[in-house]
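Visitor: Chains as they are written, first to last, in the numbering used here: chain A, 1 to 507; chain B, 508 to 850.
You may find that some hints are simply not true.
As the list claims (entries may be wrong) - Distance windows between CB atoms, simulated:
#1 B:D683 / A:Q281: 52 to 60 Å
#2 A:E375 / B:D623: 30 to 38 Å
#3 B:E613 / A:E375: 39 to 47 Å
#4 B:K627 / A:L374: 33 to 41 Å
Claimed, not checked - Each computed PhoX-like pair below joins lysine-lysine, with the alpha-carbon atoms no more than 20 Å apart:
#5 A:K82 / A:K7
#6 B:K587 / B:K617
#7 B:K617 / B:K627
#8 B:K589 / B:K568
#9 B:K759 / B:K726
#10 A:K97 / A:K154
#11 B:K711 / A:K288
#12 A:K131 / A:K97
#13 B:K660 / B:K627
#14 B:K568 / B:K617
#15 B:K759 / A:K347
#16 B:K759 / B:K708
#17 B:K637 / B:K605
#18 A:K288 / B:K708
#19 B:K658 / B:K640
#20 B:K605 / B:K589
#21 B:K708 / B:K726
#22 A:K364 / B:K627
#23 A:K364 / B:K659
#24 A:K367 / B:K658
#25 A:K364 / B:K658
Note that these hints are calculated values from the structure, not bench results. For every residue, glycine included, the Cβ atom is placed at its ideal position computed from N, Cα and C.
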Amino acid sequence: MSTQFGKLCSLILLEHFGEIVQKVGNDLYKCQAKPLSLIVNSTKLPLQKVKQALRVMVKYGFVTFAPGPVPNRAVYTLLPEKVILILRYPRYLLLVKTQYGDEAEMLVEEILRQGQDTASRVIIRAVSRLKESLKEEKVCLVTLRDKFATLVNKQFLMRCPSPGEETGVPVLTIKETLLYLPPDLNLKALSNIEEGKSGDAGDEGIYWRVNLDRFHQDFRDQIMVSAISRRLDDNAGELLRHLLKQMYLRTEAWAATSNPIPFTELREAVRKQSSHPLLGQYVDQYLKIMEEDSSGFISKVGDSSGGQYSINMKTAFIQLTWTTIENIVMERFGSKAARIFRLVRAKKFVEQEQIQQVAMIPAKEAKLLTYRLLEENFIQMQELRKSLSNNVPNKTFFLFHIDLNQVARMVLEMCYKALFNAMTRREHERSENRRMIEKQQRIESITLNMREQGATPEQLAEIEEMLTPPEQALIDKVRTMINRLSEAELQLDETMFILQLYLIYQL
Amino acid sequence: MTSNEKGGSIPNGEEASGSGSNVEHRIIALARSSTKGISDKDIQTEIPDLRPDQRASIINKLLAQGYFDLFNQGGTLLYKLKDPSRVQKVKGADNEEKIVYSIIEEAGNKGIWIRDIRYKSNLMPTQLNKILKILENKKLIKAVKSVSASKKKVYMLYNLEPDRSVTGGAWYCDQDFEAEFVDVLNQQCYRYLQQLQENTKDCKGGPIAARNISYASSKDVWKYISELGISRVQLSVEDMETILDTLLYDGKVERSISTDGTHLYRAIESLLPPPGIVRIPCGVCPSQSCHGMKEKCHNLERDSNLRLRVLRSGTLPLSYRDHLAKGLELSFHTGDSVIEYCP
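Start from the sequences, fold in the hints, and give me the full structure.
Guide: Encoded structure:
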């Protein structure tokens with residue numbers, strides 16, 4: 001909860017929801033929890049607007065409310081970590097698209113847009129959008145309903161809690177069994193609504209939202225599998241995927257260490273697949289290699305039923321965080337500095353003298369790099385005195401070490417800042433060239449209209465010439481810049497994801 | 508010089524009587540036969556007719572001439588014959604020189620600093636300087652510059668090879684660390700291990716066999732480097748291990764210990780590609796005071812920088828780009844809410 005984080009949240013709220021929501025968000029960020037009247041007071045906004053902003057943020061899950069000290073008055077709390085997840089939405093959609101196809105993607109996108117909605121409304125909207133994009137007359141409602149049910153079964157979607165019977169500030173609750181219960185939709189009524197007639201789909205009052213944790217779980221697995229594939233080979237990656245599948249059968253998804261997975265079951269699972277023939281042959285050997293690898297993703301915990309293996313999520317993310325930070329040091333300060341950084345990591349506590357000897361770097365350069373790392377807080381220094389009295393001349397040892405937790409938090413902070421910078425710059429580029437971009441869009445829409453009306457190629461060329469070559473060049477340049485910055489934002493998010501997971505596992 | 512000649516030379520330099528020099532001979536012979544040194548009692552049993560006062564004067568004479576070292580062991584005095592070659596060297600020197608010489612001698616091939624000599628010998632600095640100069644001129648001692656502190660000179664006997672801690676071993680040339688040499692070796696070792704790693708692709712014997720092929724012991728690497736002939740000094744296997752350890756800290760190789768206790772190395776790939784943050788200028792920007800890239804960002808002005816980084820990271824898959832575009836258009840409307848229970 002830093003200033004930088006606050007600035008980032010504020011910018012995201014501004015970009016997607018406008019000024020009023022941003023102001024309310026800023027105000028809530030500064031304090032733990034606040035009742036409505038105080039927000040109105042400090043933001044100097046009309047009551048109605050604040051209410052609306054809060055409503056929007058509650059709907060998207062950015063703000064929660066709870067009974068406050070004054071009876072029947074709710075206090076509101078902002079969840080900033082939920083706000084910055086907006087940046088990850090494109091990745092969620094990509095995941096759904098690759099795993100469950102276009103229809104599923106459309107459904108998730110519609111829910112993400114609304115924050116929460118009923119199944120029938122989501123499906124109706126998805127139908128109309130699919131019609132638009134595919135130019136098809138008939139979109140099968142049954143497929144969409146089934147996709148919806150699959151997503152619910154796979155726990156990508158979940159029911160929103162609803163208020164109970166109590167008076168005053170409502171408490172949102174939901175029964176565990178209902179959480180992932182697929183909706184029972186009246187297809188007949190649904191098709192009636194779709195055709196513009198009125199009907200009751202039978203799910204009024206049941207709202208759905210996207211279960212982001214489930215997506216994060218998939219991202220986490222992807223990262224681990226690709227790391228193992230990089231380190232060993234694709235077969236090993238595939239094996240880890242099977243291990244993870246087996247893990248979900250018997251362990252809670254976010255546990256630090258999975259319960260033991262018996263070798264026999266794993267072998268059965270691997271035998272059923274056919275994409276990696278070599279893997280089936282050498283399951284035991286791959287397990288042994290993965291277990292002995294320095295990454296420590298899995299470990300052997302027993303010998304019964306052919307060997308028991310467990311996945312160490314926590315260790316894995318400690319390793320991945322180390323790798324990330326080492327890579328950052330490498331890019332920021334050069335490979336010699338990365339060598340020093342890894343050396344300090346391996347030796348835990350080490351003196352300057354020893355660093356330059358073991359790292360084989362000339363004394364002067366080694367000192368320079370070590371102190372630069374120290375200055376930028378990638379490594380820490382511990383003073384060790386033989387006695388604490390000041391009047392006795394004594395030798396003091398200066399030992400360097402790394403506090404991973406602290407460094408990870410610092411790098412995360414750097415990410416927030418970089419993200420903020422990239423977003424600001426992107427907006428700046430866009431607003432600087434607003435006139436030009438609008439002109440181009442206008443021309444494009446005219447061309448489109450003309451083409452539909454059957455204009456001749458000469459006419460079309462004439463319209464396109466309204467944009468002079470230098471203007472065209474400028475637009476191209478701005479567009480590449482904006483694209484690149486947006487791309488950078490997504491890539492930054494990947495770094496942030498690893499660091500955030502590390503911190504979550506540390507708790 | 509053989510010991511016989513030396514034994515013979517003793518009486519010539521003496522003014523002692525014939526019988527006295529005879530006794531000296533016998534005592535020296537006795538001392539030579541015993542490596543542990545001899546005590547008064549040994550002399551008494553060897554030469555029973557020697558009077559204690561005679562014995563004392565002869566021993567004193569031999570001590571003064573530097574033939575014997577005197578040791579105190581468990582309350583009894585032991586006389587031990589000095590190394591004949593050393594005796595020769597300090598011959599003709601005065602007492603101070605002898606003391607300084609013996610202090611330097613004690614330091615062995617690690618050498619000793621002039622201040623430590625002063626403390627041990629209790630000599631005045633000027634006098635000590637003079638003595639050191641004399642000894643140096645006689646080629647009895649030499650001054651060697653230490654690598655740990657370039658201005659610090661250490662003294663040691665002339666014929667000694669300086670210790671690695673003084674010269675820095677194979678990596679130093681005239682007190683200068685040969686960074687380039689180390690870098691070249693570092694690269695060559697990595698290349699060797701990488702080749703091994705690539706060989707595993709054709710391996711049909713299963714993953715464990717493949718992994719075992721990719722391992723190389725420090726001795727293998729040492730042999731390879733020696734055969735390459737890039738080093739003009741003879742490197743030891745330990746030298747090779749220090750180089751391999753730098754690769755370990757570069758994160759390029761992995762080290763494990765084989766069953767017989769030697770170290771094995773193999774090339775490995777990092778777990779993750781370069782993280783997203785370093786692909787944008789802010790990730791590597793040293794500026795701490797930057798307030799967004801709105802105003803002026805030198806990294807962005809130099810457009811090439813950004814392009815370079817994005818190119819190196821590889822471009823995103825196409826579908827990702829589609830989503831990116833979509834994500835940006837994904838706008839939220841602050842329209843009417845469906846939640847009625849919000850007060």
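Visitor: So, for every hint listed, does it hold in this structure?
Guide: Comparing the hints with the structure gives:
no.: 1; hint: B:D683 / A:Q281: 52 to 60 Å; result: 55 Å, holds
no.: 2; hint: A:E375 / B:D623: 30 to 38 Å; result: 36 Å, holds
no.: 3; hint: B:E613 / A:E375: 39 to 47 Å; result: 44 Å, holds
no.: 4; hint: B:K627 / A:L374: 33 to 41 Å; result: 39 Å, holds
no.: 5; hint: A:K82 / A:K7; result: 14 Å, holds
no.: 6; hint: B:K587 / B:K617; result: 25 Å, violated
no.: 7; hint: B:K617 / B:K627; result: 16 Å, holds
no.: 8; hint: B:K589 / B:K568; result: 14 Å, holds
no.: 9; hint: B:K759 / B:K726; result: 19 Å, holds
no.: 10; hint: A:K97 / A:K154; result: 14 Å, holds
no.: 11; hint: B:K711 / A:K288; result: 17 Å, holds
no.: 12; hint: A:K131 / A:K97; result: 17 Å, holds
no.: 13; hint: B:K660 / B:K627; result: 17 Å, holds
no.: 14; hint: B:K568 / B:K617; result: 33 Å, violated
no.: 15; hint: B:K759 / A:K347; result: 17 Å, holds
no.: 16; hint: B:K759 / B:K708; result: 18 Å, holds
no.: 17; hint: B:K637 / B:K605; result: 13 Å, holds
no.: 18; hint: A:K288 / B:K708; result: 19 Å, holds
no.: 19; hint: B:K658 / B:K640; result: 18 Å, holds
no.: 20; hint: B:K605 / B:K589; result: 13 Å, holds
no.: 21; hint: B:K708 / B:K726; result: 24 Å, violated
no.: 22; hint: A:K364 / B:K627; result: 33 Å, violated
no.: 23; hint: A:K364 / B:K659; result: 17 Å, holds
no.: 24; hint: A:K367 / B:K658; result: 19 Å, holds
no.: 25; hint: A:K364 / B:K658; result: 15 Å, holds
When the structure is compared with the earlier hints, violations turn up for hints 6, 14, 21 and 22 and for no others.
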